[in-house]
Each structure stands twice: as structure tokens, then as C-alpha cells.
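Here are the chains, one letter per residue:
Protein chains: 2
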Amino acid sequence: MALIVQKYGGTSVGNPDRIKNVARRVAEYRSRGDRVVVVVSAMSGVTDGLIKLAKDIAPLPSEREMDVLLATGEQQTIALTAIALHSLNVPAVSLTGAQAGIVTDGVHTKAKIHNLTPKKVRELLKQGNVVIVAGFQGETPEGQITTLGRGGSDLTAIALAAALQADLCQIYTDVDGVYTADPRIVKEAKKLEEISYDEMLELASLGAKVMQSRSVEFAKKFDVVFEVRSSLNDNPGTVVKEETKSMEDVVVRGVSLDKNQAKVTLVGVPDKPGVAARIFKALGDATVNVDMIVQNISHGSLDKVGATDLSFTVDKPDLLKAQKVIDGLKKELGFRDVIATEKIGKLSIVGVGMRSHTGVAAKLFETLANEGVNIDMISTSEIKVSVVIDLAKGEQAMQAVHAAFIGC
Amino acid sequence: MALIVQKYGGTSVGNPDRIKNVARRVAEYRSRGDRVVVVVSAMSGVTDGLIKLAKDIAPLPSEREMDVLLATGEQQTIALTAIALHSLNVPAVSLTGAQAGIVTDGVHTKAKIHNLTPKKVRELLKQGNVVIVAGFQGETPEGQITTLGRGGSDLTAIALAAALQADLCQIYTDVDGVYTADPRIVKEAKKLEEISYDEMLELASLGAKVMQSRSVEFAKKFDVVFEVRSSLNDNPGTVVKEETKSMEDVVVRGVSLDKNQAKVTLVGVPDKPGVAARIFKALGDATVNVDMIVQNISHGSLDKVGATDLSFTVDKPDLLKAQKVIDGLKKELGFRDVIATEKIGKLSIVGVGMRSHTGVAAKLFETLANEGVNIDMISTSEIKVSVVIDLAKGEQAMQAVHAAFIGC
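Residue numbers (numbering that gives the first Met the number 0), protein chains in the order written: chain B, 0 to 407; chain A, 0 to 407.
Hints are computed from structural coordinates only; laboratory data are not their basis.
Treat the hints loosely; a few may be bogus.
[What the hints assert, rightly or not] What the simulated footprint calls covered on chain A by chain B, stretch by stretch (three residues with Cβ under 8 Å from a Cβ of chain B suffice, anywhere in the stretch; the number is not a length): (1) 1-9; (2) 57-64; (3) 82-91; (4) 345-352.
[Claimed, not checked] Beyond 12 Å from chain B on every Cβ pair, some chain A residues (computed): (5) E73; (6) A133; (7) E341.
Note that beta-carbon positions come from the ideal geometry of N, C-alpha and C, so glycine has one too.
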């Protein structure tokens, strides 16, 4: 008699047949005696359709009203899912985020969950119902409709699992779990049985977008063990949980390749205090998200100010904005030139085992050298090594690195 | 500085351009200094699309969940309308039915408004906002989402106008107002400047479906004067209000033709007490809506039970159901035969002036006789005379009756 929270994403509820499939799966768990809370996203395409409608009316619609608009997507799915469960003779009741007790702050389109009092959910479960909760949404203490931003439905599921002290939290998606690498690029990629929150966080932030970082952070904070698995089959997925001793035996848990970065290099930047601060403050003010930063040693002589090269990476969609900011600073800072390129890939290896193993970075560089892949930038953390390389060699490099660290 | 409640139906908000048009009209009223509350329906097609989705999942979806599902349609329109007003620099805030304080009973899909406390609406108006309220929906005191059934958005507007003691309530639709007859049939039909609640109710129930009866009844009960007018132009519409003395000068306000009725005749019904009761009780139990009933005089001799013919009309979609009920009673009641036809039209003349004018029915019958139109059934009320005639002669009859009573 476990209490299970299951979350189904947009493709898993993308049409009436898929919603019926979800209902069948839920009914199966329930027939074993489990109590089930289901969190659903909007049907795939619905949210984009609503955004298009709004943008057809005004290019920059009010965020409060976008929340009122977009919250309808999930509200439709909860009703349809309840209807599908009824047709299998399973008692089921749908709840909007607000009805489920999800109270958020008032930051529209990216609200944070303030508190969650799932009194109604508990009551309905006790009466024998499957409870279906709209993901992605909540309301402020004043009764304003809010949404939680991208990946918000995962967050709803994990927050509900924490508040209800669920025995199990399952995140159903269209992949079988978390892989050692993207299986479309690396044929030998293996599905992981388990992964630590920290590794999952690094992989998420490195472009292996199974889940948004903030849901994983929330799960880590509230110690919610969750499983990422497919809604298309019955294969066990990947369990995401606190690091265990045995996890350290594996040096590299996964390899990721982020193709969504662009690189900007400022050539001949005067090497004086405050220049870097000025540049990145300006980029931050323009809400440009900077990822890696590398500055080379200055070669200036003692009697005059030296010049250095400064490189950083940004998300590709932010590149134009970043270039504008940098162009605006040219006179003030006096650098010689700017070079920007989108033809880079960021390859990363991630694993908590790195903490207790040496020579990991060296082995990575050697592997890349053997493949004739030049390294542009390097960045490391306790459980991660990232390198920026030529985009054209990205997949080849990834396959070689996967073979070297994880094997076949 | 009037307080105006405006209601826009599904076609008036059917796409982004039309929503922008609505916003322009609202902005115009506001620029004159009026305070405006806008009630909107779901964009045309949205509700039907949602119903289809639900029926694809289960043929008889739960009414509670249908309310959760369908309430999203209006919620989308309020957000989009607010966005459109913002783009004209008009401050606007959207409210769901629940947020606007519309509390209903728990009869899902056809809830009744219990009470309406528009505290939030008043606050927002005071702050200078246009307030946009989702029509057709409310919530129970326990926080369940409900919908008000067909024509529910009109009801929302009229109830809000009553609760806010609005100076004006405008029902925007795709016709210019209420006409003396359907202009598609009678070229000479004239738009009415005003009409009484009772006349409007008779016309609504007689197939001239500008508005659902229940909204008109609500307006009558709470003495809400409202105007039916077009969202496509600036022409004044028809004002619906309590009967005034001067209204009685007009004998016939309008002529309607209901083509949606079917007639059932039971031939040779034994003329004994309780037979009619048995028949119409059985029809009622099967939720068949019976409209007109006519029974001819019995010609039985004194020493045996006489036989009579009994005719009644039902909505066309109910005809099959009605025939089944009648067939099931044949043995019990012993009538000789059943004749059913869909080829009838119900022509009606309506006007409060009939109360103080005599000879109205006679003039109607004479007009029809002159056109060679045979009368099948007759039914009268204080302010209405209806006749059932051959469907094929319906439009010709209507034109003649319109010419006789209203002129060109």
C-alpha cells in the first residue's frame, strides 16, 4: 500500500489515446492497492498554441495574464485524465494547483512554491480517489493564478511527493531514463540505474535536459527520491537520489555535449582592475546568461598597461544581445576586437567519483588529443570537467570520450 | 461617468483580431470616462473542441470534470482580452468567475448562481481598471468549479450588472438587436428599439434565439435593463426592459417561426380520465420536452367509451424518444394509431398590446386563410398566439402575417 506520485509530461498526455494509456497505467498501480497522485502537464502543443494567440495580440503580453492563460492547459489535462480514469471505473478527482494547496510567491511566469498544504489531496485519497493535480501552477495567498516556469510540472510532482511524504515519485517522460550519453549520438550509451542529485544537476545544466535543474535541487533539498522513466513501456527507469558510497566507484557517470552555446572573444583587452567586472556586470544587467569564462595571462611589459584576451560563452539565443552589450563598451574599455562564433560545442564529463580519483582531466585531454580535437576553453568543478571544442568534431569527440571513460 | 457591463459572445472574440476589436470598443467607452466591466465567452469553436476531446475519451464524461474542462475556454478569453487592452494602454485585470465572486450551487454543467459578491470587481474598478470577467462559470462555496449551462455568459453579465447596480448592461452579439421577425425570411423586418421582458421571453422560447430565457428571466427578476446590440458596428440595439404603458400601443411586437418542432398525433385514444396524464407523465419521465398539446372533442356515444385524437409537439431531436415512449404505451392505453411528422412549423405572434386589443387571433386566422394556409393546432397565452402549420408554407405565412400586423 504505497503512496505514489506520478508525473506525466506533455507528450505522455498529447492526445486522447495517450491520456487513456496514462489512465490504464494509473489503474494498474491502483489495482495493486497503491494510492496514486497524478501530476499532468498541458497536452503537447497546447501551451505553444496559447502563447502564439497572445503574441498575435501583443508582442509583450502581461505576465499576470499569461499565467491566467497558460494555466488553462494543465486544467484541461486534469479533467480529461479524470474522465479517462472514470471510464476504467477508477474513482478520480481533478484539482487545479490552487485547489491542491500549492501556494506560490507573486513572481508571475516563474513563481516559486511558498508552501504546500495538500489537505484536500489527503482527504480525496482517503476517500479512495486517484487525485489528479495540474502541474506547473499555483496561486498566491491573495488568490492570483501563477505558473512555475519551465519544468514546473516536475516541480509540482516533487513538491507534492515531499509534502505528502510519498513512498515513490515517478517522473514519466518519453525517454527510458538518464543515459551515460545521448543515445542518438553514442550508440553504446547505457541507461543508468541510479544517479546522484549532484550528477543529475550537472548533466541538466550541461544540456542533457531530462529535467530542469530547479526540480532536482528541490528534490535534493527535501530528500525526495524520484525515478525518471518512460510512459511508453514498463522498463525500470533511473533513480535519482542522494549520493551513496558505492556511487563513488564510478568515476564518470555521464558524458554530455551542449550544442547550444556560442563563444565571444574580446581581443586586446587592457589588463587593468575592474575591466572584467565592468563587462560581466553589463552582460548581467542585460540578462545575458554567461556560462564559461576564460582569461589568458597578460603579456604586457612593466612600464605600460598590458593587453589580454578574454573569452566567454553564452546561450546561442543570447549571442546578439551579448554582442550589442560588448559593442557598447568598446570605447569605454578600449579592447581591440571582438570575435564571436556559434560553431562550438561544450563537452562535459560528470561523476561524483572524480572527487576521489586523480588524472581524470588529463585522461580527457589525452583522449581528445588522440582524436585530433583542439581544446578552446576548459572549466572544472569538483564533479565535472567541461571543454569547449569545435562543433564539427563534437559528436566524434563525445563517442571517443564515452568509450574511454564508460566503455561499451 | 457611467458603470457599464458589456458582454461579448464567442464569435465577437473568435480570433485575435476580433479580440482587438473588442478592446478598441471598450477603450472608447473608457476614454469617455465610463467604468467598464467586460464579460466574455470562450472563443467560438473552443468549447466544442474541448467537448470533442472529452467524448473521444469517454462517451458520458463526468459533469464535474466537464466543468473543470470547459471553464478553461472563458479563462483563456479573459487573459487575451486583458492583453489586448494593455496594448491600447488601458489598465485591465482578468478575473475567473470564482475570483469575481460568483458563487453557485453544485449542479455541475447547469449551476444556478447562489450569490454574487463582486468585492474584487469593485476594488479593481476603483483602481481605474477595466475588469474582465469569465462568463459561464462560477464556483461552489466549497471551491468546486461550476458552469452555468447554455447562455451562461449572458447570465453572468446580467447578474454582475444587478450586483454592481450598473447603469447599463450591453449584450454584444452578431446581430443588430431584436427584430420584428427573422430578417432572413422577412425582408421588411424592422429592428425594435425596445421590447418588454415578457415579449422577449416569449420570442426566446418560440425559437427566436437571441438569448436564453433564463437570462431574460433573471434580468426581469432583478430589474436589469439591458441592450442587445452588434459587436460589428456602432448601431444602437434593442433595449429590453420592464413593460411600459406606451408599449401596449403596439399589438404585435414580433413574429417568429420555429422550425424545430415535430408533431405526434395519437388517433383513437379512449376518452377516459387519466389517459392524458399517463401519456405526458411517461414523456416527462423520459425527459421529452412537450410544447403544445391539443385534444379534439370526443365523438363517443353515451353508452360506450368515446375515442378522441390527441396531438402534441416536441423538439425535433426528441421525436424518436417520444415515439418510443408512445409505442410502449400502446397496449396499455389502446389507441388506434400514431402519426408523427417533422414537416411542421410553429408560427407565433407576440405582443403585450394583445392584452388590451381584441380580434388579434381572428385577424391571424384570417390572414392565414387568405394565404391558403391550413391551421393544425392553436395555442394562446395572454401575450401570444401560436399556430402549427405546414412547414412548406411557413415562410410564406410568416411574410403575410408580418405584413398584416407590422407592415413594411
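For this session: List in ascending order the numbers of the hints, as given earlier, that are violated by the structure.
Result: 1, 4, 5 and 6
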